[in-house]
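Participant: Chains as they are written, first to last, in the numbering used here: chain Y, 94 to 403; chain C, 94 to 403; chain X, 94 to 403; chain A, 94 to 403.
Calculated from the structure, these hints are not laboratory results.
One thing to keep in mind: the hints can contain errors.
[Stated by the list, open to error] Computed footprint of chain Y on chain C; a stretch qualifies when at least three of its residues, placed anywhere within it, have a C-beta under 8 Å from a C-beta of chain Y:
# : segment
1 : 146 to 154
2 : 176 to 185
3 : 375 to 385
The structure displayed is predicted, hence computed values, not measured ones.
Here a beta-carbon is modelled for each residue, glycine too, at the ideal position from N, C-alpha and C.
There are 4 protein chains.
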Amino acid sequence: MNTHRFSEPLRGIVPPVVTPLLDTDTLDVAGLERVLEHIIGGGVSGLFMLGTTGEAPHLSHRLRRELVERSCKQAAGRIPVLVGITDTAFVESVELAKHAAECGADAVVLAPPYYLPLGQPEFQEYLDHLITKLPLPLFLYNFPALTKVTIEPETVRRAMDNPRVVGIKDSSGNLIYFKRLTELAKARADWTVLIGPEELLSDAVFAGGHGGVNGGANVFPQLYVALYRAAEAGDLARVRDLQARVLKISSALYTVGRHPSAIIKGIKCALSCMGICGDVMAEPFHHFRENERSRVQQLLLDLAALAKVS
Amino acid sequence: MNTHRFSEPLRGIVPPVVTPLLDTDTLDVAGLERVLEHIIGGGVSGLFMLGTTGEAPHLSHRLRRELVERSCKQAAGRIPVLVGITDTAFVESVELAKHAAECGADAVVLAPPYYLPLGQPEFQEYLDHLITKLPLPLFLYNFPALTKVTIEPETVRRAMDNPRVVGIKDSSGNLIYFKRLTELAKARADWTVLIGPEELLSDAVFAGGHGGVNGGANVFPQLYVALYRAAEAGDLARVRDLQARVLKISSALYTVGRHPSAIIKGIKCALSCMGICGDVMAEPFHHFRENERSRVQQLLLDLAALAKVS
Amino acid sequence: MNTHRFSEPLRGIVPPVVTPLLDTDTLDVAGLERVLEHIIGGGVSGLFMLGTTGEAPHLSHRLRRELVERSCKQAAGRIPVLVGITDTAFVESVELAKHAAECGADAVVLAPPYYLPLGQPEFQEYLDHLITKLPLPLFLYNFPALTKVTIEPETVRRAMDNPRVVGIKDSSGNLIYFKRLTELAKARADWTVLIGPEELLSDAVFAGGHGGVNGGANVFPQLYVALYRAAEAGDLARVRDLQARVLKISSALYTVGRHPSAIIKGIKCALSCMGICGDVMAEPFHHFRENERSRVQQLLLDLAALAKVS
Amino acid sequence: MNTHRFSEPLRGIVPPVVTPLLDTDTLDVAGLERVLEHIIGGGVSGLFMLGTTGEAPHLSHRLRRELVERSCKQAAGRIPVLVGITDTAFVESVELAKHAAECGADAVVLAPPYYLPLGQPEFQEYLDHLITKLPLPLFLYNFPALTKVTIEPETVRRAMDNPRVVGIKDSSGNLIYFKRLTELAKARADWTVLIGPEELLSDAVFAGGHGGVNGGANVFPQLYVALYRAAEAGDLARVRDLQARVLKISSALYTVGRHPSAIIKGIKCALSCMGICGDVMAEPFHHFRENERSRVQQLLLDLAALAKVS
């Protein structure tokens, strides 16, 4: 069922898909189905399950496996499915990767273990060993604000020697770092570089990146796909228009709450207001209360025109 | 088999026990037996399994359960067993707590989920809900360098309203914060306040704390017990002598490696040199190589006299 | 002698000019003359004296005044001169601003006082009062890594109500923040937004910024001006070429030393190798020793072709 | 007029004296006189002018010199006067040190230049050179939260080779670091180690420190002197009583405001309520408004009994 052989970069929008829940440990199966169809229908290039936006670290291992299975089934080979396997425990990462392979996923995605901060040689050694255990191609995932560790350019360069490692997603928000990644990418024609923060999507593409893993694409997939395409085509005027809209969405929707979790809460709440899936969060987090929810509801009315692309 | 009813503070040394391994997912059963006897024989007041020193986040869930079961069996009610249940996933924390209760553990220990940084109200809400699911008394665990979240004094004060929460371990290294905790403790005669960093053990006791959860007590339990007792007795001269020795041990043994993991590696390596258990680390970490190992070996010779208490 | 009335944005490259020294408190007058001619001859749009690259905080107040006087005289109205007045002491900032006005400077530049971290309302109140004392238009300067304080978008918006504040330079390296600034800029047709890190120059222009205050423009002014113009013209292919060269220069030249001062040391050393001015640093810093210097010398040979623009 | 030859450690309380002001650049001469008599009358062992509590970086150079002159005159050799010379500019530090010597000060105090973060070798080299220019004995001042640089133990050890460097004040709040300093101090019988945070005063003395540079001693000098003496005498019961009072004062008085400046504002406001000097702050800071002031007034009533020592 594999749809992408990673013999060339994965281009376009690969949303970090939310995990619809009925309660802290029950998957919202119908909601997941609707979310995936909503996203796939928007023209995205792949699905990234079990990322930060997918609340992966906060899900039970059982639920993670169920989510992977159902997502792969639903995607049904239409677009590649990438599965986050980041875990503080080596063994759990390997187990999840095997499960993902059995379910028909196309690749796995890995950030450094995130409890005790790893030294760079420690991460390299860990990676070297882990790769030998993985049945699927691997994307690296750089998110130092959460993992306490930057995947240094030299570590990326080393990893590129291994053909089983096929790309990197960068959520550092540091475009200078990202540019170093695109410099490195010139050494491998099949290597993918994707950016996390949607506010930097067009900049990333201009800098030689291949696309974005943008949370807002859960809500408005067409808009993000259109922005990606405009950037890819070098259509500066259209990029300015669309990127400004994305910026407006993110500065409105992601700041309704006060804590770092507000981004995920905002996305789930918006999807809930749109009738796509519920807004239940995995604990330790809780969904927006009535007050925040009505602000999101109002925002969606304001943003509707922004999100519409011709 | 419960040995402590927490109707009064838990006083003394409660080492954060290392997890002896044969490989990344195989418990060193005989090593664990020897470690526990070594520690219990040193006069400690309790065992803290699955803490940071126990590499808990890096162990598979299966191995965590096995470790808890065997530790409780081995302790056999001689001293209380505390079990770390910190996890990014609510469900996994609850499951582990239930397992700990079934194995006969005396209490559980919980730090905030450590991936996305929690706002304080988010942690409070999480805690309020989690407590209702726990079959055992709960100790809080403050370690902001690793969890990104400080358990604020006001949150501690709120938690003290619940009799199922019986104390706190503080590994912040911030003695001013610790003193705020001992101020708060005056409101509950049964409330325990323990300190993590062994370099501050006597200061913590002078400030009204009840003891320490000190990694070095894996190696030299008698020394730490003696230091605790001297501080408890207000024997300043003896405290100065013993605390200076502990300082020498920590500045020597914990700085053989370069990364934050060096503390755990140093402890395990020392235990290995002493023939008590092996030095295998759970991945992503690796044991000291020959070079570091021989430095530890040499250090142990130098420190032997320091560690001897009369 | 004022050359710019700031009735429209200041567009292009405004290098943060190095301060050539004979020793820690003696200005290299001839070196300054050559540096300024080198830069002005490169087609830049203005000069920013006494910025971070100019080592302002490390110069005596006497030398700062001398530098301002000589720079204004040398510029002779050909391009506007901006003078950094950032200081921890209110009084010293005001005095320097008055001196700058007397010397014929065109504007002053101010970052928040940088010892005790200011709360945002504290900075706003400070700014409101300071502005009333300034004889020249003011640019804000955001550099949170050094001042510990981000000038929050809301603070910028408030400052824009005052017509005496005419723009902002952002050295945060955070392009998302920069984009918020260009959003705000739409409210005032005369408002300038400039970017610090040269690695982000084209991105900043695409995002609606007006140019760059880039350290590397001390060395290769033509290259930075050409990159700015290509970005302004929307010439994506040329931007890719030139921005990649700038990236190569910065990753080579600014990493010869190990400490944050390495950027300034690298620039001064390059200018010294080129015979334009000496490489003496104001204490607490010292110039590169022989080892680093020969690496810079070699780099300049490698980079010469890169820096040539047609 | 020099009162201390630093042939033995400076023991006891050396308050970081506030700078009474009439406005941002006018010294409150009468207020300064009263503050100094209030403090000296409380039994302190020295005066530290132009520290962080003295708002040194925020004062004009002219006012700094005036303050030093008047303070030395007022102290009149009764107790030693230490003068902070920390500055980002080497030349200004040297000038101020010379002025301090001319005024009859006993020593100078220096933290690392605090704009661009210094590498440790850079600070060492700077220090080596600066020492040769200083006409007075030097105390180091470690305050990494404000200077971005920790004076590493190895740097302290190197500095101890120079007999002109006579001690260190540590405001890191990190008692483990402080203990390393007292370990080092054993190598020189005349070397002084003082602690900044008053919440750790007794702990510091138990650990071998010689006293405290505590802001609260501006307000209640007797209490801090009594606490120091109790700790020095090893009177644990009295230490517990007095240290708890100091903790109550600091947690009440220093948290009336929200920003880091709140500590200084609280001290000045308390002195103002007590009629000793006004509460004017040097800009960028402003004194407490009516609301905070009445809270301080109320606090002083509550704390009066606490501050009384028998």
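Participant: Given that the segment 375 to 385 of chain C was listed as covered by chain Y, double-check it with a C-beta distance under 8 Å for 3 or more residues.
Facilitator: This one holds; 5 residues, not fewer than the three required, reach chain Y with a Cβ under 8 Å.
Participant: Is the listed coverage of the segment 146 to 154 of chain C by chain Y valid when you require three or more residues with a beta carbon under 8 Å from a beta carbon of that chain?
Facilitator: holds (count 5)
Participant: Examine the segment 176 to 185 of chain C: at least three residues should have C-beta closer than 8 Å to a C-beta of chain Y.
Facilitator: Held - the segment 176 to 185 of chain C has 5 residues with a Cβ nearer than 8 Å to chain Y, which meets the minimum of three.
In this structure, every one of the numbered hints holds.
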